[in-house]
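Just need the whole structure built from these sequences, with the hints factored in.
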Amino acid sequence: MFETLSGKLSGVFDGLAKRGALSEADVTEAMREVRLAMLDADVALPVVKDFVNKVRERAVGHEVLDSISPGQAVAKIVNDALIDALGGAGAVPLNLNAVPPVPILMVGLQGSGKTTTSGKIARRLAQRERKKVLLASLDTQRPAAQLQLAQLAERAGVASLPIIAGQTPVEIAQRAMEVGRREGYDIVILDTAGRLSIDEALMDEVRAIRAETSPAETLLVVDAMTGQDAVNTAKAFNEAVGVTGVVMTRMDGDARGGAALSMRAITGAPIKLTGSGEKLDALEEFHPERVAGRILGLGDIAGLVEKAADTLDHEESEKLALKMMQGKFDLDDYAAQIRQINKMGSISGILGMLPGMGKLKDALGDKELDTSVLTRHQAIISSMTRAERRQPSIIKASRKKRIAAGSGTTVQEINRLLKQYDAMASMMKRFSKLGVKGLMRQGLSALMPKGGRPPGGGGRPPFG
Amino acid sequence: MALGFFSRLKAGLSRSTQKLSGGIASVFTRRKLDDQALEELEDLLISADLGPSVAEKVIESFRRSKFGKEVTDEEVREALADEIAQILQPVAIPFEPDPERKPHVVLVVGVNGTGKTTTIGKMARFYGEQGKKVMMVAGDTFRAAAVEQLQVWGERTGAPVIAGKPNADAAGLAFEALKRATAEKADLLLVDTAGRLHNKSALMEELAKIIRVMRKFDETAPHSVLLVLDATTGQNAVEQVRVFKELVNVTGLVVTKLDGSARGGIVVALADAFGLPVHLVGVGEQAEDLRPFSAEAFAHGLVGDSIKVIEREDAPAEGAENTSSPTPEDHGAQPG
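First to last, the sequence lines map onto chains A and B.
In the numbering used here, each residue carries its 1-based index in the first sequence increased by 731.
In the numbering used here, each residue carries its 1-based index in the second sequence increased by 1125.
Treat the hints as calculated values from the structure; they're not laboratory data.
Each hint should be verified, as a subset may be incorrect.
[Claimed, not checked] Facing chain A, according to a computed beta carbon distance under 10 Å, are these residues of chain B, among others:
1) R1340
2) K1341
3) A1356
[Claimed, not checked] Computed Cβ-Cβ distance ranges for the label pairs, DEER-style:
4) A:E755 - B:K1157: 22 to 28 Å
5) B:K1157 - A:A939: 46 to 52 Å
6) A:E909 - B:G1283: 36 to 42 Å
For every residue, glycine included, the Cβ atom is placed at its ideal position computed from N, Cα and C.
Here's what the structure looks like:
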């Protein structure tokens, strides 16, 4: 979702990187670009101003002008400031330190995703932390809202408060806490009706609910697609009920995500969770430092290199790199690559760290990357003879049958592997033509065949 | 119309326009229109979600005509409202079901949580009151209790709701509903769909399938495809409209939640980028909170003199206003 902002900012820093020493005017110009990029990404205006001022102050100081590559130094400052704005490093867990039943109050505008998020949190607490969770809908406004939560509770495998028609939200909240105490629940999630921050009557109502239940967490649910109004919403809810945490929903959309940057700054409360899909398990912790890296589109290269340096076998990598540069790449190399990748962790995680990979991720869409394929590929390759691995073109029908039998796979799978190998080999050729400089300039997307499809074609994940 | 609705709206507007209008006043009261002032004005436009390119357009026009002049905030306001109204005028087209069609099929689409089901319920009432025979299709077979939500609207409005089993195929349901609505000579068939993010290709394909399947019965259907947009949405709305337009040929927009603090400036950016008709606006959760869109009133609301517009409209109609809406409340209902 942060790809577009990423693209803009990396453009700015590419501009800076091409120069040697930076003048104050360079920094000013870059900051104007940063400011526009952020506004374009729906970051709230006051947050942008504050952000740009902070960065400018530091950027015109000695730490930049004296550094060897000022462009990178500015990028680092922006990166650090972004992490700050997103709430500092590290995920912040839900605070459940209270006498059970611990009330969690969900608030937000209409359609921000409160009810779905309530279901997701309930499922998460029930499954991961073995909590006994009660879901209660206080939404007497929207037709069938209480029924919606009851159905979600069933899907999530948790209990929901029986619906009694005609009760007010405050009465429902009281009843939920009573049932929670009487029946020994650990957590009671109170899902409220969506309300506009300017609707005084409804804001009074949510104040009353809060006073009645003293929630351990008051979570403001915010749509990641929200524009500049995020500031007003955050302010109003925070003043009315004291927000303790923010949940950003629809992070699986392609919104530029500026609201995420604004939230912490306005409420002072951390973003605790993010929703990224309609399934009940699509709820994740929020890691500011990771998101900031992706926003910059280059900051996390450092993280990737670090990670690679920690895990990769250096000699092997150098050999591989040399072969790639020469456009030579055989199945032995592919097997070596799989081993390295497996050491580094998830492929989607690695993709997220690479600049210019936004397009590839788009092409993959919402498909999950299945890494079990890699294991099977390893098995297939180890069933080949040395000659076959060196020169895969000699593998014809009878060899395929033998390899399939040896690796416990099918001929179709071997065909697929060979097809992918072809695609990768031609990608390597492009790489060697492009050279390291070209790659750095254009990003990895330059390696993709035209149309932004991942290698292997057909929208399939790379290597799989 | 109920005074309650009206005063509620007024209170809402006075708050939502405070910031921008306050901002303009503070920037421009007895001040020279210099570079810094222009930049601040650009910021103000962006903070109303107009989008950087439209904001820049407006600012450039100001620069040409007024740079270096002493200007008052009233002048700026007027010029700004005119500029915005000019962009919006061509898209302020009321929604009118084609009486030749029996039924006129309306497919209602949008991302999650924008207010599709509520909009359909309100439309059922709006056109039902005009004597049209309206039927609704509970095409959101995915979200928990979405069918029940529409059924409540059916009870409120008296319009029949055609529903299938949970997780039923929405395309098949739409087909059956179209058949039934044709047999019963309905005037208007409102088809609800599940909310979907525009970047989920599989879900978008499902939407295209609903259209394909309905066309097996009536190849002119759907006669309208309405995209429902939340006024709080930021610049991502541009992408939403682009993708939905490309894949399901959106014919018009409905902007909801304009009674909140969001000013819906994105509508201006969308008008500039796509020129799609803006048919209706939603200003509350009640059945009567659906209004035709008026460019003039919206533009004035956006720059901060909506209160004046309403007060003027409180008096008997002046006749110099937009032609689409004969009731006085309509104008008040526009601005965000």
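Hints versus structure:
1. The restraint placing R1340 of chain B at the interface with chain A is violated, with a minimum CB-CB distance near 26 Å, outside the 10 Å limit.
2. Proximity of K1341 of chain B to chain A is violated relative to the hint, the smallest CB-CB distance being about 28 Å (cut-off 10 Å).
3. Look at A1356 of chain B: its Cβ gets to within about 8 Å of chain A, closer than 10 Å, so that hint holds up.
4. For E755 of chain A and K1157 of chain B, the hinted distance range of 22 to 28 Å is satisfied, since their beta carbons lie about 26 Å from each other.
5. A hinted range of 46 to 52 Å holds for the C-beta pair K1157 of chain B and A939 of chain A, which are about 50 Å apart.
6. Distance hint for E909 of chain A and G1283 of chain B: a CB-CB separation of about 39 Å, consistent with the stated range 36 to 42 Å.
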